[in-house]
Amino acid sequence: MRRLVWVLAVLGALVSVVPFYWMIVAATHDGSELFASPPPFLPGGDLLNNIVKLEESVHFARVMATSVWTALVYTALSSLVSAMCGYGLAKYRFHGRGLLLGVVLATMMVPFQVLLVPLFQMMASIGWVDTYQAIIIPFLANSFGIFLMRQAFLDFPDELLESGRLDGAGDMRIFYRIVLPVVRPQLGALVIFTFMSQWNSFIWPLLMLNSEERYTVPVALNHLIGLSHVDYAGLMLGAFLATLPLMLVFLVFQRQFVAGLLGGAVKG
Amino acid sequence: MSSVAVDVPKIRRYGRRRRTVAWVFAGPAAALLALFFAYPLAASLLQSLEGGFGNYARLVRDPSFLRSLSNAGLILVVQVPVMIGLATVLAYVLNQSWLKFRATLRVAYFLPAVTTLVAYAVVFRVLLRTEGGAVNQVLGLQVDWLNDPFWARVALIASLTWRWVGYNAVILLAGLQGIGREQYEAAAIDGAGSLTTFRRVILPQLRPVVVFCSITSTIGTLQLFDEPLVLTGGGPGDATLTPILYLYQVGFKQLDFGYAAAIAWAVVALIGALSWVQFRYFGSRTSGKERA
Chain A
1 MRRLVWVLAV LGALVSVVPF YWMIVAATHD GSELFASPPP FLPGGDLLNN
51 IVKLEESVHF ARVMATSVWT ALVYTALSSL VSAMCGYGLA KYRFHGRGLL
101 LGVVLATMMV PFQVLLVPLF QMMASIGWVD TYQAIIIPFL ANSFGIFLMR
151 QAFLDFPDEL LESGRLDGAG DMRIFYRIVL PVVRPQLGAL VIFTFMSQWN
201 SFIWPLLMLN SEERYTVPVA LNHLIGLSHV DYAGLMLGAF LATLPLMLVF
251 LVFQRQFVAG LLGGAVKG
Chain B
1 MSSVAVDVPK IRRYGRRRRT VAWVFAGPAA ALLALFFAYP LAASLLQSLE
51 GGFGNYARLV RDPSFLRSLS NAGLILVVQV PVMIGLATVL AYVLNQSWLK
101 FRATLRVAYF LPAVTTLVAY AVVFRVLLRT EGGAVNQVLG LQVDWLNDPF
151 WARVALIASL TWRWVGYNAV ILLAGLQGIG REQYEAAAID GAGSLTTFRR
201 VILPQLRPVV VFCSITSTIG TLQLFDEPLV LTGGGPGDAT LTPILYLYQV
251 GFKQLDFGYA AAIAWAVVAL IGALSWVQFR YFGSRTSGKE RA
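Chains A and B, in that order, are what the protein sequence lines are. Take the first sequence: its position 218, counting from 1, is numbered 218 in full-length UniProt numbering, and each next residue is one higher. Take the second sequence: its position 270, counting from 1, is numbered 270 in full-length UniProt numbering, and each next residue is one higher.
A few of these clues could be false.
Claimed, not checked - Quick list of simulated restraints, FRET-style, between CB atoms:
1. A:131 - B:24: 44 to 50 Å
2. A:3 - B:103: 16 to 22 Å
3. B:149 - A:230: 21 to 27 Å
As the list claims (entries may be wrong) - With a straight-line Cα cutoff of 25 Å, these simulated SDA-like cross-link-like pairs (lysine to any residue) come out:
4. B:253 - A:136
5. B:253 - B:223
6. A:91 - A:101
7. A:91 - A:105
8. B:253 - A:228
9. B:253 - A:200
What the hints contain is simulated information worked out from the structure, not anything from laboratory work. This structure is a prediction, so every number in the text was calculated from the model and none was measured. Using N, Cα and C, we set each Cβ at its ideal position, and we do this for glycine too.
So that you can see chain A by itself, here it is in the shape it has in the complex:
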């Protein structure tokens, strides 16, 4: 029985992994070979060719650079905004706190697609269509992140804050020097979650970014499959490059990655 379960588990794992493997194999073959009989199952020698072709078709190096820098800027700003708001909600009493918390919870429950049309019109009216700020700024206040950080700060002992105040440290200094270092694990999860959501973000950049030179990776991939002549090997290479940064982060920071992906849904 145990042997059977083990064999089934391994077979299932293969099903999980084989599409990755094939994606990588396909990225090293010429596009014409991918649908040959039998299909290629071992790496070929056309990786460099495919890189050159992919670069010629959509300037994929620029696409990657755009995705990387917009995701990094978004992650830095959004994590900061979320952590600060979470801290304010957890450790201060002020007018409007209940309302703000209510709005944060509502944001988590309302699918953001409801906002697509009015946000699009707003972007059009302030001339932000086809700009980078349009894909960075509107979703900076991430309710999931705010909630995650608020939970982390609620557990933070008030005595430590008081001792900081007695030592004459200002609120900002206490936040950066005493509080943030302690919640580093949750902050790590938040950073990974935020980076991943921006890296994968598709429908909004698809609506916002019209010119090819501003494409992010998912938008560029979607553009490639829409071409009249699709280079499938280049497409597989692009898919591989789209997945590579996430896979690296995952393999290095497995714990925080899982915590971040689950959005703090599960403790531990």
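Using the hints provided, position chain B relative to the given structure of chain A.
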């Protein structure tokens, strides 16, 4: 004891300063939420109601919208239970200490959850190509995966399951790890086999996590967009059209903003109703279990 002189104005000033500082922390997020969430949310509600309830009345008679709902319904009824069932069994297996290469297997199963949605959909589109696609060749089939209405749905369901089983299994695994060793031992002493232990001891306790997975999957299904757009474009015909894909077409291809907003609010209402039902009827039974 000397009495402490209470400097009321000073305390007031301190309180006011603390409130000001609080807004320094919470202010940026509050401003962003007001501008980019509360305002567009209200705007979209008003937009959907332009000309009364006409947009909503139109929804009920729109065959494309109804088709998109029935497609989502099919995924809810077929894909979500299959996926969560698989994920539950998988989590249980991956939690067994006798399983060789357990850590490696966990990573392998979780890997699909690390992929960009558009990227994996692109890979599946190539794998599932009718002429010479690797799936057809390996299985020795000639199935028209992406251009036949029935098989296109199968392809979408299979792709979704591939992407999300491991993700749900990891959540369920975390839930399983919260169940103490002694409960397995007690069940073993009572003479329960591993299947009985799983069904009678583990599953009831795992119920809240299963409900959590099922609610998040329901929300995800109703918001489905990336995969159908890339895999099939919603086709053939409307065979894999989803509500959000339809919203995208109505709002940004046909530029019918009011109607798109009505679609969005219909989806919100459905998500709210389905989440509530699952939470109400499947979630709260745990309190009953504690009594037993």
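* **Hint check, failures only** => 1
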